[in-house]
Amino acid sequence: MTAALTCQDIVAGYEPGLSIVKGATISVATGEIFAIFGPNGAGKSTLVKAIAGLVPVTGGSVYLGETDITQLPAHRMVHQGLAFVPQTENIFANLTVVENLDLAAAIMKVDRKRRLPELEALFPDLARLRGLKAGRLSGGQRQMLACARALVSRPRVLILDEPSAGLSPKLVEVVFSRLREVRDSGVTIVLVEQNVKAALAIADRVAVLVDGRERLQAAAADLRDPVVLADIYFGHARQVSA
Amino acid sequence: MLQLITDGLIVGSVIALGAIGVTLTYSLLRFANFAHGELLTWGAYLTLTFLGVFMTVSGGGVMQPIGPFSFGWQLLAGLLVAAILTALIALAVERLVFARLRRKGTAIVLVIASFGVALALRNLVMFTYGGIPEYYSREIQIAIRVLPRDVWGGIRITPDQLFVLGLTAVTVLCLHLFLTRTTMGKAMRATSENPDLARVTGIDVEAVIRLTWIIGAMLAAVAGAFAGLTVQVRPGLGLDLLLPLFAAAILGGIGSVYGAVLGGLIVGLGESLSVPLFGAEYRAATAFLLLIGILLLRPTGIFGERP
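So the protein sequences, as listed, match chains A and B. So for the first sequence, my numbering puts the first residue at 1; every next one is plus one. So for the second sequence, my numbering puts the first residue at 1; every next one is plus one.
With the rest of the complex left out, here is chain A:
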């Protein structure tokens, strides 16, 4: 299967000379859900922000399909088909729900009359919340809106930074089942997660990041063993067949 997203030896960080990601390599196949795990401070969020163009990449390369997007500005990446949902502050709180979606549609020159009903079918809550200020949404509703906003442009790859953060287990289940539907519609998904159990339930493949480098890439099915899971969180790399 062809790679939808390839990161080769990525070095990235917020300050010059102070790298947080220190040579990470991941390859995400088209149509899969790819989860990135790792202990706190491993550089997971920095890696996905670097891929999305929000953190400077000082080494390595990022390919979206065949296209080198390493040094593209973040807004141009969206036009290339890469969408990103940040962990926090991932909606425009001062705009209404529909304005959030309308803005994304207008910027991406998407036919809103066709696309918005599709997204409201995928996230039915949003239809009845259209006129509400996004800042007044609950955690789960915000996450749905953030996903919908990112999907307006029909991206090839959707990256989510901890979509389960701050959500109740029931809401995590709802959000993750929606992500599965998104994947089934043909979108490749990359997600950074602390909720390993929930993420493993929907992921096809997994990478473990420790101290800014990937220690492991494996099929999710191979990591459902609790002992292996414990190893991941104690930072011991274990050879698992990919």
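One or more of the hints may lead you astray.
[Claimed, not checked] Quick list of in silico lysine to aspartate or glutamate cross-link-like pairs, EDC-like style, CA-CA up to 16 Å:
1) A:Lys-22 with A:Glu-66
2) A:Lys-109 with A:Glu-181
3) A:Lys-133 with A:Glu-173
4) A:Lys-133 with B:Glu-193
5) A:Lys-109 with A:Glu-89
6) B:Lys-104 with A:Glu-15
7) A:Lys-109 with B:Asp-150
8) A:Lys-197 with A:Glu-173
9) A:Lys-22 with A:Asp-225
These are computed hints drawn from the structure, not numbers from a lab. None of these values were measured; they are calculated from a predicted model.
Dock chain B against chain A, hints included.
Quick look at chain B alone, frame taken from chain A:
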């Protein structure tokens, strides 16, 4: 009393137009631009320059006033050119100074740099135009009585002042429609709220920043020209208005365009109403007092959101 309120609204409308630029720049770039007042000065002087050019071109260096106003079409055309050139000055300053510092420095570096830019722009005005106050027109305006004297002292207002009030209202309405109805306006609001999220939504944040400078500078030019029209054109015009501009922006809630307008009107009214209480010499201190009061009572301003 009503006359004082009317005078306050006229002064306040000039402050409001200038404060919109301050609040837009702050909300998007997260720094207080103390050079904004100088954009008012440059707007006023460039209007004067192109008023002269259009008067010469249109015949004999004479301006035929429109109706009851003290100015002719040449002033309006001059203002249009001045607004464009003021926007170019703002873009040049952004490119040469602020954009470079933003990549490396913190907000405080930008604030200090804005003091330097203000000094440079002010002295460039002095160098180019000299320090003698100028007027757009020497026509004597007869104030119209809008309300008789026996109704709370009545109201008298010159046609030029009415024009300033009317055009301010139209400008604010246009800005409101731009921010709420157009994609670029919504992109500006989104970018001021969360620049990184704006980027991953596909918004070209650098283009939005440029547009913000253009709008802020054009409004500053209009405010400067209005100040010149109702008072006089002088190198200290922008510096004298700087504190009221910031007081208005903070009073309204930094980042809020409507807050800046309301803040401008309140500061204008405050200045005007303070004259019979404390005397005209303390008029400028009113903005200081209002600013201190606002910061003590409601630091986020009227429309500002509490953190």
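Outcome of the hint check:
Annotation: proposed proximity of Lys-22 (chain A) to Glu-66 (chain A) is violated, straight-line Cα distance about 23 Å (limit 16 Å). For the proposed pair Lys-109 (chain A) and Glu-181 (chain A), the alpha carbon gap of about 24 Å is over 16 Å, so the pair is violated. Note on Lys-133 (chain A) and Glu-173 (chain A): the hinted pairing is violated, with a Cα-Cα distance of about 25 Å set against a maximum of 16 Å. Annotation: proposed proximity of Lys-133 (chain A) to Glu-193 (chain B) holds, straight-line Cα distance about 14 Å (limit 16 Å).
Proximity of Lys-109 (chain A) to Glu-89 (chain A) is assessed by CA-CA distance (about 24 Å); at most 16 Å being required, the pair is judged violated. Taking the CA atoms of Lys-104 (chain B) and Glu-15 (chain A), the gap is about 10 Å. The hint holds against a cut of 16 Å. Between Lys-109 (chain A) and Asp-150 (chain B) the alpha-carbon distance is near 61 Å, which puts this suggested pair outside the 16 Å criterion. About 11 Å separates the Cα atoms of Lys-197 (chain A) and Glu-173 (chain A), which keeps this hinted pair within 16 Å; it holds.
Pair hint Lys-22 (chain A) plus Asp-225 (chain A) does not hold up; C-alpha atoms about 28 Å apart against a cutoff of 16 Å.
Violation of the numbered hints given earlier is confined to hints 1, 2, 3, 5, 7 and 9; the remaining hints are satisfied by the structure.
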